[in-house]
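Go by the hints and put chain L onto chain E.
Line by line, the protein sequences are chains E and L.
According to the numbering used here, the first sequence is numbered sequentially starting from 13.
According to the numbering used here, the second sequence is numbered sequentially starting from 124.
The set of hints was computed from the structure by calculation and includes no laboratory data.
One or more of the hints may lead you astray.
[As the list claims (entries may be wrong)] Here chain L is said to cover these stretches of chain E; the calculated rule only asks that three of the stretch's residues, wherever they fall, bring their Cβ under 8 Å from a Cβ of chain L:
1. 59 to 72
2. 114 to 126
3. 184 to 190
4. 225 to 239
The beta-carbon is built from N, C-alpha and C at its ideal position, and this holds for glycine as well.
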Amino acid sequence: MKMLGTIVALWVCTVPAALAQTDPPPNAADWAALAKLPDWSGTWTPNVSDQVRRIKTDPVPWTPAVATQIAALVAEEKAGNPRGLFVNCLPEGTPSWMLISHNALEILFSPGRVTLLGESDGNRLRRIYTDGRPHAADPDPSFHGESIGHWEGDTLVIDTIGVLPQAIIAVSEAVGVPNNGDLHVIEHLHLTGPDTLQDDLEIIAPHVLREPWKTSRIFYRQRAKKYEIVEGVCLQGSFIDRTDANGNTIFSPVPQVNGNPTAQ
Amino acid sequence: MFFFEKKNQKTFVFLVGVVTASPALAHHSFSMFDQSKVVTVAGTVKEFQWVNPHVVLWVYANAKDGAVPDLWTIELTSPGNLTRAGWTRHSVTQGDKVAIDIAPLRNGSHGGSLKKLTFTDSGKVLSAVGFSGQEKPGLQ
Numbered sequence: 013m014k015m016l017g018t019i020v021a022l023w024v025c026t027v028p029a030a031l032a033q034t035d036p037p038p039n040a041a042d043w044a045a046l047a048k049l050p051d052w053s054g055t056w057t058p059n060v061s062d063q064v065r066r067i068k069t070d071p072v073p074w075t076p077a078v079a080t081q082i083a084a085l086v087a088e089e090k091a092g093n094p095r096g097l098f099v100n101c102l103p104e105g106t107p108s109w110m111l112i113s114h115n116a117l118e119i120l121f122s123p124g125r126v127t128l129l130g131e132s133d134g135n136r137l138r139r140i141y142t143d144g145r146p147h148a149a150d151p152d153p154s155f156h157g158e159s160i161g162h163w164e165g166d167t168l169v170i171d172t173i174g175v176l177p178q179a180i181i182a183v184s185e186a187v188g189v190p191n192n193g194d195l196h197v198i199e200h201l202h203l204t205g206p207d208t209l210q211d212d213l214e215i216i217a218p219h220v221l222r223e224p225w226k227t228s229r230i231f232y233r234q235r236a237k238k239y240e241i242v243e244g245v246c247l248q249g250s251f252i253d254r255t256d257a258n259g260n261t262i263f264s265p266v267p268q269v270n271g272n273p274t275a276q
Numbered sequence: 124m125f126f127f128e129k130k131n132q133k134t135f136v137f138l139v140g141v142v143t144a145s146p147a148l149a150h151h152s153f154s155m156f157d158q159s160k161v162v163t164v165a166g167t168v169k170e171f172q173w174v175n176p177h178v179v180l181w182v183y184a185n186a187k188d189g190a191v192p193d194l195w196t197i198e199l200t201s202p203g204n205l206t207r208a209g210w211t212r213h214s215v216t217q218g219d220k221v222a223i224d225i226a227p228l229r230n231g232s233h234g235g236s237l238k239k240l241t242f243t244d245s246g247k248v249l250s251a252v253g254f255s256g257q258e259k260p261g262l263q
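Chain L extracted, bound-state conformation:
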């Protein structure tokens, strides 16, 4: 786990694991998500469910005044795999203001698999994890 600050941008990057093109899969295929696309959703965390087989993040997208906000359902890998990449069940909490980059569901529903999460207030970034960086012994 590393922290560094980009000069002049006041941006903290919170590296968790190795970002790769392919997400950490388990339990079910992730091909229902279009990995060739990135959709960014800005909003507020409704709930962060730290469970097997997939951790789930629900985010209310920002909406215009008076409009009902869309609820996005975002899947991640398992708690075990995320723990090894530096996440905890407290990494994201209800009410956090976030911008999430996701590979969207191909069927157009408001859902996807997480690629990157940025906390709006701090600029801190949480990344989804892939496996290619984990395929060796003695990892720390």
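The following block holds chain E by itself, in its conformation from the complex:
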């Protein structure tokens, strides 16, 4: 009887908690509310020239020790010996995807969530929850972190924590350092014209930056079908189509040197 009482007590304690962690199904009003959001449909291509300009106009406040590392990386790249920060094909993550991508992205709205999808680096993906939830007390670290969003008028404000300390804050594919932990990124994503989207970023990285780095990135809307996002599996470039002894079509490794395929 005592055991039964314990079981009931456990049930009482655990079931409400489990219910509280269930996502309620969206209703008609939730779907209708999406129509009131700004139209961010289409494919968005980055202004790469502006990415480069911003490094000069919005200089990164690296700490002195990190600035020394950055200077060495810049020198290596200028000397024609660039460090391949992303040639391992791990995701660029937050905030580097937004900072240095040369590839297109798209933005999907669904009840309680905004989803960013991109090309390359294993099909980039950011889930931004807009259902009013707070940050988790201790989110599991991930490349893109835990993003909580809310709308201020037609601006999506995104607050991201929980990014892996190894995720790189990059100013190019060859220049950047790991954030080393406690990264916090606040973004204001908004249209500045009918087909121009701007991401205003505030990057707080106390282990590598002296102060928050504020910068912006620009994306242009494309509607031509050839701009639709295509699959982009980064690791596929490390293999080539071949046929094995059984006649199966397989991927065969291609030797690479610092991200460059070699004769095979």
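Just chain L, lined up with the frame of chain E:
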């Protein structure tokens, strides 16, 4: 995508995207390629690999009779970016006779980033693409 014929030269120019000094980069820096130089390699396509993060073209350089041909490894931008510039995975096929203009690898290896490809038989030209012409909305 445009075609036009230069009179008297029987040359078709197949414009794909906008040619700029800087190539379309992604994934890794292209500074290992010397963009100030152009090396032209004439040969035969061994393989055209239409994959992320970089499309790759392997070309056997023409060699003197009996000599082993050098194999050149040429990198381009991503399939997505090339598609938007008019390329397809069938733009180049095995066995095509080509002359390629490349920015060569600085380390002297037989490799580079593509600037321009000319089909030897037809004179048709495929160009590498840059971004400066793509930095506006509503592109077609």
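**Request:** Could you tell me which of the hints above the structure violates, numbers in ascending order?
**Result:** Failing hints: none at all.
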